[in-house]
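Asks: Residues per chain are reported as follows:
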Amino acid sequence: GAGVSQSPRYKVAKRGQDVALRCDPISGHVSLFWYQQALGQGPEFLTYFQNEAQLDKSGLPSDRFFAERPEGSVSTLKIQRTQQEDSAVYLCASSGTVNTGELFFGEGSRLTVL
Amino acid sequence: ELKVEQNPLFLSMQEGKNYTIYCNYSTTSDRLYWYRQDPGKSLESLFVLLSNGAVKQEGRLMASLDTKARLSTLHITAAVHDLSATYFCAVTRYTGNQFYFGTGTSLTVIP
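Protein chains in written order, with my numbering: chain P, 227 to 340; chain Z, 326 to 436.
Think of the hints as simulated: they come from the structure by calculation, not from any bench. Any given hint could be a false lead.
[What the hints assert, rightly or not] Pairs of lysine to aspartate or glutamate residues, derived as EDC-like cross-links and limited to a Cα-Cα distance of at most 16 Å, are as follows: (1) Lys-381/Z x Glu-333/P; (2) Lys-283/P x Glu-326/Z; (3) Lys-366/Z x Glu-278/P; (4) Lys-283/P x Glu-270/P.
[Unchecked claim] Simulated restraints, written as ranges between beta carbons of each label pair: (5) Ser-233/P x Tyr-347/Z: 32 to 38 Å; (6) Lys-328/Z x Lys-304/P: 26 to 32 Å; (7) Thr-353/Z x Gly-254/P: 30 to 36 Å; (8) Ala-264/P x Ile-435/Z: 34 to 40 Å; (9) Gly-322/P x Lys-381/Z: 18 to 24 Å.
[What the hints assert, rightly or not] Computed far set for chain P versus chain Z, every beta-carbon distance over 10 Å: (10) Ser-233; (11) Ala-239; (12) Arg-248; (13) Gly-254; (14) Gln-267; (15) Gly-268; (16) Pro-287; (17) Glu-294; (18) Glu-297; (19) Ser-299; (20) Gln-306; (21) Ala-314.
Just so you know, even glycine gets a beta-carbon here, dropped at the ideal spot from N, CA and C.
Could you put the whole structure together from the sequences, leaning on the hints where they help?
Replies: Written out as structure tokens, the structure reads:
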């Protein structure tokens, strides 16, 4: 696609529910990142994929967070047993530019946990 | 952990004025990125600075990088209302590594 596409754009979940957030990166982009952005803050790194391999998951805040990219294209971020502190915008970014490493971001998925 | 600090955090300026946003980072890096974020929107790439002394300009914005001082600046010339947004700098140790973002500078340009 022309840009990074994320869905859903908005998600309201009751505490304890599981949620799944989808990211469709720019076609051909090898690298895919997930970031969490709290209100009024800069994005915080969650995890990184190169093709289907998850090379870094050091930013995932707990074992309730899980990400996958099984075919090296679309990625899903899953949050189990959501808590109020999980409320944030979840941004997906992809990169295919080896020289500059520039990231291209999607519009984000805004998660609100009640 | 690589830390990135921006200042000011909030900036209110009149149209037509000049100002500079500063971005300091804590660890050696020769890659620095500037992004713009409008409310409720995603991050738009503005500049990619890949070497010491790099300077890039686009319209009323100019970004520079001093890797020895671990400092980047984003200079705004003759501000206009359309520049109102939050500006983030981000640093990465190497291609493919995670980006470390600053806390952002919320810019409001007043007519």
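Asks: Against this structure, judge whether each hint is valid.
Replies: Verification of the supplied hints:
no. : hint                              : result
1   : Lys-381/Z x Glu-333/P             : violated, 26 Å
2   : Lys-283/P x Glu-326/Z             : holds, 15 Å
3   : Lys-366/Z x Glu-278/P             : violated, 28 Å
4   : Lys-283/P x Glu-270/P             : holds, 12 Å
5   : Ser-233/P x Tyr-347/Z: 32 to 38 Å : holds, 37 Å
6   : Lys-328/Z x Lys-304/P: 26 to 32 Å : holds, 30 Å
7   : Thr-353/Z x Gly-254/P: 30 to 36 Å : holds, 31 Å
8   : Ala-264/P x Ile-435/Z: 34 to 40 Å : violated, 27 Å
9   : Gly-322/P x Lys-381/Z: 18 to 24 Å : holds, 21 Å
10  : Ser-233                           : holds, 14 Å
11  : Ala-239                           : holds, 20 Å
12  : Arg-248                           : holds, 15 Å
13  : Gly-254                           : holds, 16 Å
14  : Gln-267                           : violated, 6 Å
15  : Gly-268                           : violated, 4 Å
16  : Pro-287                           : holds, 15 Å
17  : Glu-294                           : holds, 18 Å
18  : Glu-297                           : holds, 20 Å
19  : Ser-299                           : holds, 17 Å
20  : Gln-306                           : holds, 23 Å
21  : Ala-314                           : holds, 14 Å
Checked against the numbered hints listed earlier, the structure breaks hints 1, 3, 8, 14 and 15; every other hint is satisfied.
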